[in-house]
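Undergrad: Spelled out, the chains give:
Number of protein chains: 2
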Amino acid sequence: MAYKHILVAVDLSPESDILVEKAVSMARPYNAQISLIHVGINYSDLYTGLVDINMNDMKDRITEDAHIILNKLASNAGYPITHTLSGSGEFGQVLIEAIREFGADLVVCGHHQDFWSKLMSSARQLINNTHVDTLIVPLKDEVITEEKAVEVN
Amino acid sequence: MAYKHILVAVDLSPESDILVEKAVSMARPYNAQISLIHVGINYSDLYTGLVDINMNDMKDRITEDAHIILNKLASNAGYPITHTLSGSGEFGQVLIEAIREFGADLVVCGHHQDFWSKLMSSARQLINNTHVDTLIVPLKDEVITEEKAVEVN
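Protein sequences, first through last, are from chains A and B.
Using our numbering, read the first sequence as starting at 4 and increasing by one per residue.
Using our numbering, read the second sequence as starting at 4 and increasing by one per residue.
Think of the hints as simulated: they come from the structure by calculation, not from any bench.
Quick caveat, the model's predicted, so the values are computed rather than measured.
Some clues are possibly wrong.
In this list, chains with the same sequence are indistinguishable; a pair is considered to hold if it fits within one copy or across any two.
Below 25 angstroms or equal to it, Euclidean Cα-Cα: the simulated DMTMM-like pairs (lysine to aspartate or glutamate) are [to be verified]:
#: 1; residue 1: Lys7; residue 2: Glu18
#: 2; residue 1: Lys7; residue 2: Asp108
#: 3; residue 1: Lys75; residue 2: Asp14
#: 4; residue 1: Lys75; residue 2: Glu18
#: 5; residue 1: Lys7; residue 2: Glu67
#: 6; residue 1: Lys7; residue 2: Glu24
#: 7; residue 1: Lys7; residue 2: Asp63
#: 8; residue 1: Lys7; residue 2: Asp60
#: 9; residue 1: Lys7; residue 2: Asp20
#: 10; residue 1: Lys7; residue 2: Asp68
#: 11; residue 1: Lys75; residue 2: Asp20
In isolation and in its complexed conformation, chain A is listed as follows:
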């Protein structure tokens, strides 16, 4: 019943380490595989007007930065990382493809990897389309933000 291939969906924030550590603690006793995946946001959605930058250059730079952080996460894991994947597009769809291609049986994702509604819609898509188990880890800054919002009101 132990997991055989754990796919960790990271957003490259400093808390991504926590997700990887949790996956390692689950994988190590059973020599399970761990893969990392980062799904880039769709940059064109971020710009609603004319901007004074070359979008493609910006995209390339951000993708390159993402690859550096992703490789650093993998090399600091203290455990062999089977695949280090980088994708772009709709979060849930990219995840589903990766799960199927690599036969993952658990997806680990953080709370603030995306907004709650998007995460929930992705989790629903995942469960309905892949029947994969999903571990949701609340990450600190997101929770602190919500607590602050409560204090202000």
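Fit chain B to the given chain A structure using the hints.
TA: Chain B alone, transformed into the frame defined by chain A:
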């Protein structure tokens, strides 16, 4: 980073075994504690008209049956079960209280423990109120039902 106290929320369906087995596989390598919790539904919600039964008698019988199944799950786990809890009321609220009281750091719940929206709202409550990790396991019959719905349309 390994979990220390895993709380398994079971709905007493035959698939509850799967949730317990998954929890055991995560707990065993680290000698973590496992507790089971069942949150009974609010029976008064089920009856919208006059009914020819004594509600309290019915409640007691269902609760008694639940206790028998819960104890059987615990004794078949092949691993010591620290607490076997039975509650009734609002699912998310009962879970939050149990998590706080027993210091659980992971909640394992099945997909068809409740309807999706209720499960999601519970998961959101859990994460925001307790900062606890949540493992969602899709259970077969729920997924089959949804697949059937797609085929019919």
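Undergrad: Does each hint hold? Answer for all of them.
TA: Each hint tested on the structure:
| no. | hint | result |
| --- | --- | --- |
| 1 | Lys7 to Glu18 | both (24 angstroms within a copy, 20 angstroms between copies) |
| 2 | Lys7 to Asp108 | both (7 angstroms within a copy, 22 angstroms between copies) |
| 3 | Lys75 to Asp14 | within (13 angstroms within a copy, 42 angstroms between copies) |
| 4 | Lys75 to Glu18 | within (13 angstroms within a copy, 40 angstroms between copies) |
| 5 | Lys7 to Glu67 | neither (30 angstroms within a copy, 38 angstroms between copies) |
| 6 | Lys7 to Glu24 | both (16 angstroms within a copy, 15 angstroms between copies) |
| 7 | Lys7 to Asp63 | neither (34 angstroms within a copy, 42 angstroms between copies) |
| 8 | Lys7 to Asp60 | neither (39 angstroms within a copy, 46 angstroms between copies) |
| 9 | Lys7 to Asp20 | both (20 angstroms within a copy, 19 angstroms between copies) |
| 10 | Lys7 to Asp68 | neither (30 angstroms within a copy, 35 angstroms between copies) |
| 11 | Lys75 to Asp20 | within (10 angstroms within a copy, 39 angstroms between copies) |
Taken one by one, the earlier hints fail for this structure at numbers 5, 7, 8 and 10, listed in ascending order.
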